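J.: Given chain A, put chain B in place with the hints provided.
Protein sequence lines, in the order shown, are assigned to chains A and B. If you use this note's numbering, the first sequence corresponds to residues 68 to 333, in order. If you use this note's numbering, the second sequence corresponds to residues 97 to 249, in order.
Derived from the structure by calculation, the hints contain no laboratory data. Values in this document were obtained by computation on a predicted structure and should not be read as measured data. Some clues are possibly wrong.
Reference listing, derived: stretches of chain A covered by chain B, where coverage requires no fewer than 3 residues with Cβ under 8 Å from a Cβ of chain B [claimed, not checked]: (1) 107 to 113; (2) 129 to 142; (3) 179 to 189.
We treat Cβ as the ideally placed atom computed from N, Cα and C, and that holds for glycine.
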Amino acid sequence: MASRAEQKAAARAAREARLKAASKNQARNTRLLRLASVAGGVAIVIVVIILAVGGGSGSTTYTNKQAKAIVNHLLKGIPQSGNTLGNPKAKITLTEYGDLVCPICRDFAIGGEHDTIAKEVRAGKVKIVYRADETASGAFNHKEFVPGQVAALAAGLQHKEWNYILLWYYEQKSEDTAYVTNHWIQGIALQIPGLDLTKWQSDRNSSALASRVKSDEQAMAALVAAKEIPSNATPTLVFSGSKGTAQPVQAPLTYSQLKTAYGIVS
Amino acid sequence: MAPAAPRSTLVRVMLVLALLGLADATYLSVVHYAGLKVLCAAHGNPCETVQSSKYSFLAGVPVALIGAIGYVLIIASMLVRDSENARLATLALTLLGFGFSAYLTYQETFTITGHPIYCEWCVGSAIVLTILLIFSLARYLRAPQHRDEPLPG
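In isolation and in its complexed conformation, chain A is listed as follows (with noise of 0.2 Å):
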């Protein structure tokens, strides 16, 4: 039997063993705790990142090189007839009335519009429609707006008005410059591949082209006459489906606002 004193040596033991069990589990403890917190706070800096400037910069100039490069892939594999950008059978219809030298379009274009091709117009959902309507051109390219849109319609008589209609917004410059020369404007059309250049040129002297552009504006026109928009401006977009057609928005809808506007037409 063991004496006193080698019991209560035995309880000290046993009681340091529990000590420094229970201190050692707090530590491990402590440290989760402090792991779950960095985890949380880096969880929370990137989602305010994301949300704050993710995705988002309108501002971002693209030389040449890149635009091409992101038109092409947003547009691969995507069908195009005239001024059609995606499944003729689709559900939905977005008809986007716009000027090429109006930024606030290129916002739309390289935003919510870009988001839009990118998933419903690929999967077949939505398809675009571009139509033209002079606004920003009316300052310093009025001139050139009929030619600048002529050039878009003579893409799309090969299937490639989308590229063309990208490529400008990609690369436009300050509305408040006269940028839109014939050489601005052949310089998009070398842009695109597979565009037969000669044929092209050719089209661009279409007076029927020439009249469609003038048919978009009237198609516009009727639509501020019907009071259906307030005003002339770009871009307008008009939503239609299987439910109907909604009323015209004049803004660069985001991307989460188009699905919304889908949501209501279909």
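T.: Here is chain B on its own, set in the frame of chain A:
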């Protein structure tokens, strides 16, 4: 002052990985500011598309530059005297880098063009950050508690 303990093999491996990541991010930053073409083995140069997309900028700053700064901070956190706080700082930085890299990889897969395109340089950095995160987690959790280093908190 106690002499600095020799760095473990784990830390040395982590330093090599972080230096690789730094070289990767520095290359992309230089390419951006010099206006050079990104070297890319994949057909159609998807690296150019990814590097030109709106997701390659945060508040107008190229994410490659932000990544390079991140790698410098990760390296610095491993070069300071080994401590609980230093290990936690490395872990926090790699976690931040990993999280943001995961977000960018998601954008490459689903958003930039609607069909998956991957920039090899971004994938390389994502792999480096994933391994760094695993190693820094192991380093933090498995490190012994020193008697002279009370746990904060």
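J.: Under a C-beta cut-off of less than 8 Å, do 3 or more residues of the region 179 to 189 of chain A approach chain B closely enough to confirm the stated coverage?
T.: holds (count 7)
J.: The region 107 to 113 of chain A covered by chain B? Criterion: 3 or more residues, Cβ-Cβ distance below 8 Å.
T.: holds (count 5)
J.: Using a Cβ cutoff of 8 Å, are there at least 3 residues of the region 129 to 142 of chain A near chain B, or does the coverage claim fail?
T.: Three-residue rule met by the region 129 to 142 of chain A, so holds; n is 10.
When the structure is compared with the earlier hints, no violation turns up for any of them.
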